[in-house]
Structures are given as structure tokens and as C-alpha cells.
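K.L.:
Sequence:
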Amino acid sequence: MAYKLAVQLKLAIKFNQAEEKAGYKWLQPSLRRRTDLSIRKSENTSTARAKGMSREVVTKYFQDLESVLTEYQLFDKPGNVYNTDETGLQLNTKAGLVIAEKGSKAVSIISPGEKGETISVLACCNAERSYLPPYCIFKGKNKKDE
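Each position in the sequence shown, counted from 1, maps to that position plus 3 in our numbering.
In silico DSSO-like pairs for lysine-lysine, Cα to Cα no more than 30 Å straight-line: (1) K17 / K44; (2) K17 / K105; (3) K80 / K63; (4) K7 / K24; (5) K63 / K108; (6) K105 / K54; (7) K44 / K108; (8) K142 / K54; (9) K13 / K24; (10) K7 / K28; (11) K142 / K44; (12) K24 / K108.
Keep in mind the hints are simulated off the structure, nothing from the lab.
Based on the provided sequences and hints, a complete structural model is requested.
P.N.:
And the structure:
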């Protein structure tokens, strides 16, 4: 779309004529003008995870957490409250480059789904620095009953 607009307006912009898109020579002067932007490597984020981080979902989580901590009198017992998290390490995936504001800590893109094999890792710790060893779950093999 930008290429067609530039051609229509007869702008002298360095586009890749064969692919009809902006090339590296167009990008560099733009980045020099916009010092607040930089090229960053993106992180894949699933659609479900992106939707799960809405203000409403996070607010409800902390309301529920406060309710449980109050009910079981756990506010002053950090050794009795454990946090468990599961993460999937996807093999054979590669994130691309994106342009983002300088200083951005995490630059994510929504990925269309999982690609390759996934290894699940479970971690568990509390506020007193106690922890359980990580638990790794690999793809299993089905065995026939003998």
C-alpha cells in the first residue's frame, strides 16, 4: 500500500521495485529521523495469552488472591504460599525483527499457533526463597499393551 501511494504521489523513495515494498535504504533514513524507534527481535505471544492479560482478568485475579490470603490468614506467612508456573519451550521457532520504541523491555508479536515440539517446564517457589527442583515434561511415546 505504501509503495502504491508513493508511486501515485511520484515520491522519490527508495522502494524495492520488484517486490513493491520499502527496502533497507528506505528504512535507515526513517530510523535516523525517528530516534525513539529501534529494530528489536520480537517474542511470540499466543492469542490466548494476549487476551488473558486484559485489565479485567488481572483485576479479578488479584481480588481472588486477596480473598484466599485473607481466608487462610496467609499475609504474614510467606513460606506457606508457593507460586507455581508452567512454561512451554517451543523448539524450532524463530521470532523476526520489529520496529519498537527504544527502551521497550518486551517486544511481542502474536504468533498463529504452536510450531514444532513443545517441552513443558514447571517451577515452584515461595517468598522465603524455598523452591522445588524444576519439573520437565517431554513428549511421551505410546507403548502397546502386551
